[in-house]
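A.B. asks: Work from the hints to combine the two standalone chains into their complex.
Here is what each chain is made of, one letter per residue.
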Amino acid sequence: MENAYGTLSGPNITIRELQKDKISFILSDTDLSVANSLRRVMIAEVPTIAIDMVEIETNTTVLADEFIAHRLGMIPIESTDVERIKYTRDCTCSQYCSECSVELTLHVKCTDDRTRDVTSRELISSNPQFQPVLTDKNDSGILIVKLRKGHELSIKCIAKKGVAKEHAKWSPVSGVAFEYDPYNKLRHTHYWIEEDEKKEWPLSKNAALEAPPDPNAPFDYNAKPDRFYFSSETVGSLQPEEVVSMAMKTLLDKLAYVQMQLKEEVDMKKQDHTSWGY
Amino acid sequence: MSPAKTRTHNEDIDEDVSSADEEMALEGTEDMMETEENTEDADADAEEAMVPADKIEIVAGSSDPTCMTFCFKEEDHTLGNSLRHMVMKNPLVDYCGYSIPHPSEAKMNVHIQTTDATNAVEALNKGFDDLTDLCQHVISKFKKELKNGNFEYSPEGNWSQN
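Quick note, the sequences are listed as chains A and B, same order. Going by the UniProt record's numbering, the residue at position 74 of the first sequence is 74; the numbering climbs one at a time, nothing skipped. Going by the UniProt record's numbering, the residue at position 111 of the second sequence is 111; the numbering climbs one at a time, nothing skipped.
Mixed in with the good hints, there may be bad ones.
Lysine to any residue pairs mimicking SDA-like chemistry, simulated, CA-CA at most 20 Å apart [as the list claims (entries may be wrong)]:
no. : chain 1 : residue 1 : chain 2 : residue 2
1   : A       : 198       : A       : 215
2   : B       : 5         : A       : 55
3   : B       : 126       : A       : 186
4   : B       : 5         : A       : 64
5   : A       : 205       : A       : 186
6   : B       : 5         : A       : 74
7   : A       : 249       : B       : 130
8   : A       : 249       : A       : 55
Here are the computed distance ranges between Cβ atoms for each label pair [as the list claims (entries may be wrong)]:
no. : chain 1 : residue 1 : chain 2 : residue 2 : range
9   : A       : 152       : B       : 54        : 46 to 56 Å
10  : A       : 224       : B       : 144       : 17 to 27 Å
11  : A       : 65        : B       : 94        : 51 to 61 Å
12  : A       : 168       : B       : 115       : 38 to 48 Å
13  : A       : 112       : B       : 150       : 47 to 57 Å
14  : A       : 152       : B       : 74        : 37 to 47 Å
15  : A       : 177       : B       : 144       : 20 to 30 Å
16  : A       : 221       : B       : 91        : 21 to 31 Å
17  : B       : 150       : A       : 97        : 41 to 51 Å
18  : B       : 99        : A       : 107       : 28 to 38 Å
19  : A       : 20        : B       : 95        : 44 to 54 Å
20  : A       : 126       : B       : 95        : 25 to 35 Å
Treat the hints as calculated values from the structure; they're not laboratory data. Yeah, the Cβ is synthetic: ideal placement off N, Cα and C, and Gly gets one too.
Just chain B, with the same shape it has in the complex (with noise of 0.2 Å):
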C-alpha cells in the first residue's frame, strides 16, 4: 500500500517559494543569453515580470537623493513603524513616513525627505543602525534582569521548592 501524502495545511506560500526558485534559475539563463545578444524588448519585459524583485527597491521618480520612497518586500508593520521612529529621531530628517499601498501585496514604503545636510540613503541608514543598537540595548537589559532576577522558575530548568 502507498501510503498517503497529506500537509497538515494549505500550502500557498510554499509553492510560491518553489516558483521564485524556478524564477532565479530562469533570471540565470537569460543573463547569459544576454552576452551573447541582445534580447527583444518585449522578451525582456516577460522576464523581468517573472524575475523575483530585490527586498529592497528605491521607487522611481526619486531623482532627488533628499527625498526617497523605498519599497521594502515582505515586510510589514513589525519593521515598518519601528523604522519609522527611528528614522523620525533622526534631527537631519524632515519627514518620514510608512505605508502597506495594498493589504494583498507583501510590500511596504517608506518614503524619508530630510535636509541638504543628508540624504535618504544615510537617513535610512543611520535608522538601521540606531534601531540595531536600541535592540542589542533591551537584549543585554533583559538578560541582566534575568541573571539578577529570583524566580519562582530559574532559566536553567530548575525548579524552586514550591
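Next up, chain A with everything else stripped away, as it sits in the complex (with noise of 0.2 Å):
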C-alpha cells in the first residue's frame, strides 16, 4: 500500500542539461497532474523582485511616463535572496519600505548631440543583492528608452515582490516545455494531417528516449502517462534549478498553510456541530 503512495519508490527526476539559463529534465513515475502542478507553479507562483511602482519626477524623453514606467516592470532584477523580502500586503509598514521593496533610481540627462541610450545598467538600485540582471561583463543591459539632446529622465522606481499569476513580469521563466508520451500511444493528440501523418509530425526529440512502439500493438487503454520531460529557459532573475526548487517549496508551503487552514475550518465546525459523528 505504501508504494501506491508513491512513497516507497517515489517519483524520479533526472537532469539532462542544464545551463545559465536553461534546464532540462525529466520527471518520472508520478501522475500527469503532480508534474502539471510542477509546471504551473514554476511559471506563476514562484516569487521574484519586480519593479511596481514608478515615481517620475521629470520625464521630457519622447516616450510617456506610463509607457516607461511599463517597461521598466518587465526589467528582470536578481531575485536569489526573495525569501529576505517580505510581500508588501505582509509587512508593518504603512506604505513600503527597505523589508518589502528595493528602491531604484535612474538620472541621465542627454547633453551631446548624439542619440543617448538609457538601459537597465544605469538603475541604481538600493540593495545591492537586488540589481538589474546582466548576463555578463560587456552586457549593454536592457534598452529603456532614447533620448535627444536636452532631454531628462529621472525617475525612482519601487520594487516589489510578487508572483506572476498577478502579473507576468513576476515570472521566473519565459517559458516551460512540457512533454509527456512523444509516440503519442495514448492518443492524448489528436494530428490535424493533410495526407501522411509520420512526414507531417515529425517526432520530438525526446522520442529518442523511449522505444518506439510496435505499429501493430492494440491499443492500450489503461496506460497512462508517466515520463514527463521538462524543459525551462529563466528570465535571469533565478537560476534554473533554483527555479525548480523553490517551487516545490512553494507548493510545500501552500500545501502546508490550506492544511492548516482546514484544520481551523473543522475544529470551528466542530464547535458549531457537536451532533457530527467525531
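C.D. replies: Spelled out as C-alpha cells, the structure:
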C-alpha cells in the first residue's frame, strides 16, 4: 500500500541539461496532475522581485510616463535572495520600506548631439543583492528609452516581491516546455493532417529517449503517462535550478498553509455542530 | 515639482487586498458589538457578505461525514488536480473530484466520498500528507541529482571551461 502512494519508490528526477539560463529534466513515475502542478507553479507562483511603482520626477523624453513605467516593470531583477524580502501586504509598514521593497533610481540627461541610450545598467539599486540582471560584463543592459539632446529622465522605482499570478513580469521563466508520450501512444493528441501523419508531424527529440511502439500493438486503454519531459528557460532573475526547487518549496508551503486552514475550519465546525459523528 | 506616480500595471488585485483588510477591521468591531448586544439579522447578513471568507469552507448540505464538498478560496488546478489524484489513491476513498465552477470566481471545489471506514475530512488530510511527502521526495531527488550531476554550468555559480 505504501507503494500506491509513491512513497516507497516514488517519483524520479533526471536532469538532462543545466545551463546558465536553461534546465531540462525528466520527471518520471508520477501522475500527470503532479507534473502539471510543478509546471504551473514554475510559471506562475515562484516569487521574484520586479519594479512595481515608479515615481517620475522629470520626463522630457519622447515616451509617456506610463509607457516607461511599463518598460521598467518588465526588467528582470536578480532575485536569488527574494526570501529576505517580505510581501508588502504582509509588512508592518504603511506604504513600503526596505524590508518589503527595493528602491532603484535613475537619472540621465542627454547633453550630446548624439542619441543617448538609457539602459537597465543605469538603474542604481538601494540593495546590492537586487540588481537588474546582466548576463556578463559586456552586456549593455536592456534599452529603456533613447534621448535626444536636452531630454532628461529622472525617476525612482519601487521594486516589490510578487508572483506571476498577479502579473507576468514576476515570472522567473520565459517558458516551460512540457511533453509526455512523444509517440502519442496514449492518443491524447489528435493530429491534423493533409496526407501523411508521419511526414507532417516529425517526432520530437524526446522520442529518442523512449522505445518506439510496435505499430501492430493493440491500443492500451489502461496506459497512463508517467514520464514528463520538462525544459525551461529563465529570464535571469533566478537560476534555473533555483526555479525548480523554489517551485517545489512553494507547493509545499501552499499545502502546509491550506492544511492548517482546513484544521481551523474543521475545529470551528466541530464547535458549532457537536452532533457530528467525530 | 511633485513627482507623478505611475504603476507599472493595472492594480486590481492590490485593491482587493486593501479592501479585504478594511473588512477585517470591520469584522473585529462587529464581534465586539455582538458581545454587547444582538445585532439585527439584516445587519448581520450585510456584514457577513463583506467579511472575507475563510480559505476553506465546508459546503453546506453535507451532514454526512463520509460525503462532503470543500470549497477552497484562491486555489486552482495547481492544487486541485494533484490533490484530487492523491485523495483518489487512498483505497478507503470511493470518489474524489474537483471543479472550478466559474472562471471569474477564485474558488475551487473538492468533493470527497469515502467508505464507512473513514470520513471525508480524514481522507482530505491524508491527501495533503501524501502530497506533502511526494513533494519532499521530489525535492530530495532533485537535490541529489544536482549534487551528482556533471553539468556545463555548476549551480554554485562557477562556469566550467568552454
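A.B. asks: None of the hints should be skipped; say for each whether it holds.
C.D. replies: Evaluation of the provided hints:
no., hint, verdict
1, A:198 - A:215, "12 Å, holds"
2, B:5 - A:55, "5 Å, holds"
3, B:126 - A:186, "30 Å, violated"
4, B:5 - A:64, "13 Å, holds"
5, A:205 - A:186, "18 Å, holds"
6, B:5 - A:74, "17 Å, holds"
7, A:249 - B:130, "15 Å, holds"
8, A:249 - A:55, "34 Å, violated"
9, A:152 - B:54: 46 to 56 Å, "52 Å, holds"
10, A:224 - B:144: 17 to 27 Å, "26 Å, holds"
11, A:65 - B:94: 51 to 61 Å, "59 Å, holds"
12, A:168 - B:115: 38 to 48 Å, "44 Å, holds"
13, A:112 - B:150: 47 to 57 Å, "50 Å, holds"
14, A:152 - B:74: 37 to 47 Å, "43 Å, holds"
15, A:177 - B:144: 20 to 30 Å, "24 Å, holds"
16, A:221 - B:91: 21 to 31 Å, "22 Å, holds"
17, B:150 - A:97: 41 to 51 Å, "44 Å, holds"
18, B:99 - A:107: 28 to 38 Å, "53 Å, violated"
19, A:20 - B:95: 44 to 54 Å, "47 Å, holds"
20, A:126 - B:95: 25 to 35 Å, "54 Å, violated"
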